[in-house]
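Peer 1: Letter by letter, the chains look like this.
Number of protein chains: 2
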Amino acid sequence: MAEAIRLFGEGERLEDAVARLGVKGAGLDAMARLGLPVPPGFTIPIDECERALARDARDLEPDLVARIDDALARLEARVGRRFGDAEAPLLVSVRSGAAISMPGMLETILDVGLTRESLEGLAAMHGGDRVFALDSYRRLLQMFGHVALGISGSELEAIVEEERLLAAGPERVAKPLGEEALERVVDRLEQRLRRHDGVGLPMDPRAQLHAAVGAVFRSWNSPRAVRYRKSERIVDARGTACTIQAMVFGNRDARGGSGVLITRHPVSGERRPYGEYLSRAQGEDVVAGLRTPEPLCVAEAVPGRESTTLERSEPEAFAELVRLAEILEAHFGDVQEIEFTLEDGKPYLLQTRPAKRSARAAVKIAVDLVREGRLSVEAALLRVDAASLERLLRPRVESPGVLAARGIVPAAKGLPASPGAAIGEIVFDAEAAIRRAAEGREVILVRRETSPEDVHGMKAAEGIVTAGGGLTSHAAVVARGLGKPSLVGCAALEVDPTAREARVPATGLVLREGDLVTVDGTSGALYVGALPVVAASTLPELDTLLGWADERRRLRVRANADNGRQVALARSLGAEGVGLCRIEPMFFTEERLPEIRSVLLAEDLEDTEDALERLETSLARDLAHLFRAAEGSPVAVRLLDWPLHELMPSAPEEREALARSLGLSPARLERKIAKLREVNPMMGHRGVRVAITHPGLYRAQIRAILRGAHEAGHPLPAEILVPMVSAEGEMRHLRRMAAEEAASLEPLFGGRPSYRLGALIELPRACLVAEAIAAESDFFSFGTNDLTQTTLGFSRDDAGGFLKAYGIDLGILDGDPFSRLDRRGVGRLLSIATREARQSKPDLVIAMCGEHGGEPTSIDECERLGLDYVSCAPHRIPAARLAAAQAAIAQRTTSRPSP
Amino acid sequence: MAEAIRLFGEGERLEDAVARLGVKGAGLDAMARLGLPVPPGFTIPIDECERALARDARDLEPDLVARIDDALARLEARVGRRFGDAEAPLLVSVRSGAAISMPGMLETILDVGLTRESLEGLAAMHGGDRVFALDSYRRLLQMFGHVALGISGSELEAIVEEERLLAAGPERVAKPLGEEALERVVDRLEQRLRRHDGVGLPMDPRAQLHAAVGAVFRSWNSPRAVRYRKSERIVDARGTACTIQAMVFGNRDARGGSGVLITRHPVSGERRPYGEYLSRAQGEDVVAGLRTPEPLCVAEAVPGRESTTLERSEPEAFAELVRLAEILEAHFGDVQEIEFTLEDGKPYLLQTRPAKRSARAAVKIAVDLVREGRLSVEAALLRVDAASLERLLRPRVESPGVLAARGIVPAAKGLPASPGAAIGEIVFDAEAAIRRAAEGREVILVRRETSPEDVHGMKAAEGIVTAGGGLTSHAAVVARGLGKPSLVGCAALEVDPTAREARVPATGLVLREGDLVTVDGTSGALYVGALPVVAASTLPELDTLLGWADERRRLRVRANADNGRQVALARSLGAEGVGLCRIEPMFFTEERLPEIRSVLLAEDLEDTEDALERLETSLARDLAHLFRAAEGSPVAVRLLDWPLHELMPSAPEEREALARSLGLSPARLERKIAKLREVNPMMGHRGVRVAITHPGLYRAQIRAILRGAHEAGHPLPAEILVPMVSAEGEMRHLRRMAAEEAASLEPLFGGRPSYRLGALIELPRACLVAEAIAAESDFFSFGTNDLTQTTLGFSRDDAGGFLKAYGIDLGILDGDPFSRLDRRGVGRLLSIATREARQSKPDLVIAMCGEHGGEPTSIDECERLGLDYVSCAPHRIPAARLAAAQAAIAQRTTSRPSP
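Chains as they are written, first to last, in our numbering: chain A, 1 to 899; chain B, 1001 to 1899.
Warning: the hint list may mix true and false statements.
Unchecked claim - Pair ranges (Cβ atoms, derived):
{"no.": "1", "chain 1": "B", "residue 1": "T1589", "chain 2": "A", "residue 2": "R655", "range": "38 to 44 Å"}
{"no.": "2", "chain 1": "A", "residue 1": "R736", "chain 2": "B", "residue 2": "P1505", "range": "51 to 57 Å"}
{"no.": "3", "chain 1": "B", "residue 1": "E1609", "chain 2": "A", "residue 2": "Q891", "range": "41 to 47 Å"}
{"no.": "4", "chain 1": "A", "residue 1": "E740", "chain 2": "B", "residue 2": "S1376", "range": "53 to 59 Å"}
{"no.": "5", "chain 1": "B", "residue 1": "T1589", "chain 2": "A", "residue 2": "R55", "range": "29 to 35 Å"}
{"no.": "6", "chain 1": "A", "residue 1": "R736", "chain 2": "B", "residue 2": "E1015", "range": "38 to 44 Å"}
Rather than coming from a laboratory, the hints here were simulated on the basis of the structure.
For glycine and all other residues, C-beta sits at the position ideal for the given N, C-alpha and C.
Turn these sequences into a full structure, and let the hints steer you where they fit.
Peer 2: Structure representation (structure tokens):
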């Protein structure tokens, strides 16, 4: 016989209690050890569930049955009542409880052990309350029928409901079922259960218990539980524990009830208890939602209804609960969410676990706990979900009232579907959103309604507006999921995607593609133009937390920022420089596009010199602005990386104008543009490849960068990033070009401009020959977006059709490789490249500037690889700072070997 | 002082003579050792050139000068005349000679040592022949002026030409220059040279010599030499040797002359001497092409002009030459190309090297030499360029005469630009050629004329036809380079790419895209329809050679073949099975396309079941045919791999018909097709990804393969290749699918069908997680085409714009990575994948089926990696067999460690 099953608090404390007993079992065990009022019971460990599921048989193993019976005997002794006793029966709850919380996904059966025979004993024990005893039996029948026998829960509920309707009478006043009605209900439920398998609810209490345990184990593999684990990426969990605990009854009378207490406010993080309470109820009644719970505390009460709070109705019990909660929070060093039941005005604790909390509360609580001496700084840093900070920091606009006072009124109003403010250019379809966003612009997607095909466009957009739909429409749900400000149901807006405009007929307003608007997803208003945005409501604890993070992280954090405004925002959020400035948006101005087009389409190379000079001068101006905004912090500018075709006009009239200005026939221009079109533009004539075939265009960019830095009085060498490098010969070529341009600027500057030339490592081959490329490079930056595309052969634009099946449904990949770094594939290439590049240059600076640079698990990988900095979007800077600290702490404590 | 410079034949024989002394220097040294009549001289080794070029100074190092002078003193002693002696001067030739032959790329100066002073002595030595002496001086002035001083050669030649015109007189009869004319010429040349640098030709013979040596060294880095080395991929050569040799004079009188003798016929390989001879000439006159040489042997003589051959005019000298040549061939064990000069009827040998030869001759000679006992089998195998066999084996059609007798006449005639016969469907542009070829079809590209943008299409085509152009047109040159049958200047043809047709107005014939034609590039004829093709003229020696290769190779060779006809051809060429059958062409039939389209576009999945069943049955029929053609050899069939969009119709009328047949509105169909379109189709929803999202379509294919093999009575397990694998979960998924289909066929077959499921490894990630994929796979096949695309991020379709700059002009890559495997990038991934896959499955069969599978250097890589087989196009099978043997021999002898 294997190890005996231990009652709560029995034996030595387990180091790995949560892993072995689940969150619930471990919590109960801990509470018992603390001497808190926990109904006695025991937990069947998770590995028993695993073994049972592997056996794939309906009955439990005899060995396990024997150990359960043994534990039960000790429980009987502790309580002083016997399981199945006709006079004073011990009833138990049988509950699931995994090592990772899966709320509502697994099953529970209460009142196990009750039979027709012991029903009367139960009534007698409770002052002859037959209604209570019958209702308990009714609950057991319903739960056992559904959970253990698999009968539809709603079918069983319908039987009860019929009697409730009868009891309500013609006046339809909801009333508790009387004794007679309950007799009828339990008769009918018994019959229904018996009809299922010829047995129904076993009248042997032990058989009830064993069946209940088996059912709880099996609930681990129910379709909805499997789905939940997939969607939450719970991959290495193996089963649920099963807790068997003496029943306490919150449903007996007015001095009983069930509730939840959270030790601090879960939204604001304030230090005061918060909770809900339902009198005359078991915990399950709260979950079922048939009755609405009341607030626990007066502070939360609806004005004028304070009397209904537990704090007022049972002040002593409330005070006791708060005292117990304090003990638990201090013990666990974290905010607890505590389930309790009151019986006869006495509180019993049924579960405690770390409370779910808002991003805001998480930060405040972590910092407060450190200040209260309940938590170490490092533990506090590890406790906040770094990714959540992005949401927390989403900027907003002033409220409509404040704005109205300044004469700013919305162009249209809708429902506030996802909070925060977003500013951008209007686009009317997902493709345009993706395209413009790829150009580094910020866009607002405006649709009548959205559908799954729009999701890629929604991801690319800063904000989303729909004319139709409500708060649960596709647009609203997806926008909230993405954390994008959104307003929906904006009925005043007529959206005409064909004409590429949206109209507000009431005011005659016409919004066209490219027009700048501000979306206030907090109030549900749409404004024309870019409104001043204020940072999210300040949270001083965040600064404290990030300050601690900065002291502990090794990785530096820079921003991907393409203009002075973004750089300034990034600096205010703690960016230590610019890791990636994309030069493309600087080309997308009315003034410069014609220049670059004329260069790319020129019949005669000599014609292009003037255009290149003009281009250089105006680029230098923008770049100087950017360098100034960096305030002396380092700036890396990436040379032109887009397929050339994307720089060509698509509208026919624009093409005609271009043909005229170039002195080409329209047909000739079409042919020239057609030649730029590519079958697989992602792998086409891009980046350094164009630098080699069209050097003039790249020399102009290099000069513009050097001039911009010089004009801004930038104190550091300008960093120039060469995209799409696949061979050291490319870097050698670019070094020569850059050296020549730098030399030619010497007379103008009165000294040789200093710069550093870096390779953007975004192709598998670049990783494989990194040692040679490093020898020709001053620094490396991993472009993990493109590297993910080529390593996996997934085009970001085209993978929508199968990525869901891959990442979630079939678990072929561990999530979306474009948001979490694919460690085994892409990560291995990074590891090869880092190791070998540093073989040729031990002090080579290596960074990551793909979107993974702002994602915590990917930042962890960067720490493991020993990179020097990550670079991410400005909004993600705080998250990256925190994640970098978490990675550094994790590295120090576990120090895993690199793969 | 470094090592002394050795006279020819002096000291010990050098093991690495060619590497140190160049081909010429080593040949002269060897001939001297054999006691053959070689004018004495010495060779300055290659490393001296390397050192001199590194010094980058015009003058030679004093140390080298001293050693040259020392060697010259020994040469004087050997000859018995003094360099610069006024009475009987020793003159020398100063010639370049690299370790790898670079014909005509490097420089030579003859008659070095001659001065105004010694000119009279030279005349006296040769019976007072002042004309001879002056002409020699004239040669020296011209060559020194051009090579050492860098004066334009044509400017100097113009001076001579003026006098020649004068001498020719009004009748314009070409005459040798007389004494007076030569006096004027040398005066003018001397002045011109002096004007160049104030010195001109030094009158110190030693200064002449040193300047000549320096000039020869510098010629290594002349632009044309650098270009040549790039284009020939000569990468690790470091410089040229310089040979200084006593002059013999073929230009003195009628008993003198210069020529070349090749020991066997360089085109047919027959064992008889072959050569050319120019009397009264130096070797340089032959090269200059001012006079046309005569055949050496009577057998080659123009009928009726036998008397002019050396064999007839100087029979003794001829016999002596043949005797010397025999000695040399026997000594070197290879056909020699020997340069010689006759002076006074006595032959002197000036150079010997392995003769260039046709592919046909190479094979015959190699086999003959083995039979004659002059060469080992292994050496013979290494001596034939494997890639050349493809050309040799190109099939042909019967001659126009034979065909006319059968009533088959050409539809149009043109110039025979590149020999061989090709059959295929007409396409009118490069894109269509690439697209259809990617579909596994054979196409003939028909253009008015071609330009560099067409080259990718030409590569994809089987044959090329142009209406314009001559034998040196772009189309002709490129077609010959590619070894593609081609006819150009087909003036009868009117090509209309817009209408996608070509017309022959004279006959009213209209050829449309997709029409089948036969191109006879040997006779220059275009035929309508597919003519019977006969194998290239048989060469029994080839069978012998390949038989030897088969005995010595370890790698097996299979064919990429998509239908029974191709399989039969491949078998006849020695294929040991089918390594890659693409299933796509089987879908491209009028009967099946509608079925697959209806499956892909179905509104309701149940509707597709009938279509899938019909598809399965007809695919099984084709596959049975293929399996039968394999005659019991193994067959691997790849599941559908193309982007789905490529299976949709493009013509509007076809789309309308499709919409009708599916019961969809045309607009709805357009939307559905538009959804299949991808931004980067190469990295889109393809291969196994579609298998996972559209399992029905892939289950049908798996069933069809199993049924085809079963119907054909195929004795081996059918091999099923899964394309685009990136994760082991994909293979696990497909294994399950295949197992289910196999089980379901069991009742039908009366037994479980056996099969093996292989992963097509064509993505970087697949290589990086190969160990895990191997655990789920029965075999691996590397798809190096796609792997090259993703590893380098080069789309094959789009890389044309920069690949030339990369592969050749700038040397960034070592050639085109799509024809030669990129060893450092792609090769490294193969190495990782092979090593790690075999860690999980030591006996895993691993193959390569990309186009590299037929390319010798890539096959060498496969041997090094220990792969099991390569698979290539049928035409390349013999080349692959030979290359595999060469790789095995090379591995045994050098056994390099893998990187």
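Peer 1: Please go over all the hints and tell whether each is borne out by the structure.
Peer 2: Hint-by-hint comparison with the structure:
no.: 1; hint: B:T1589 - A:R655: 38 to 44 Å; verdict: holds (40 Å)
no.: 2; hint: A:R736 - B:P1505: 51 to 57 Å; verdict: holds (56 Å)
no.: 3; hint: B:E1609 - A:Q891: 41 to 47 Å; verdict: violated (55 Å)
no.: 4; hint: A:E740 - B:S1376: 53 to 59 Å; verdict: holds (55 Å)
no.: 5; hint: B:T1589 - A:R55: 29 to 35 Å; verdict: violated (53 Å)
no.: 6; hint: A:R736 - B:E1015: 38 to 44 Å; verdict: holds (40 Å)
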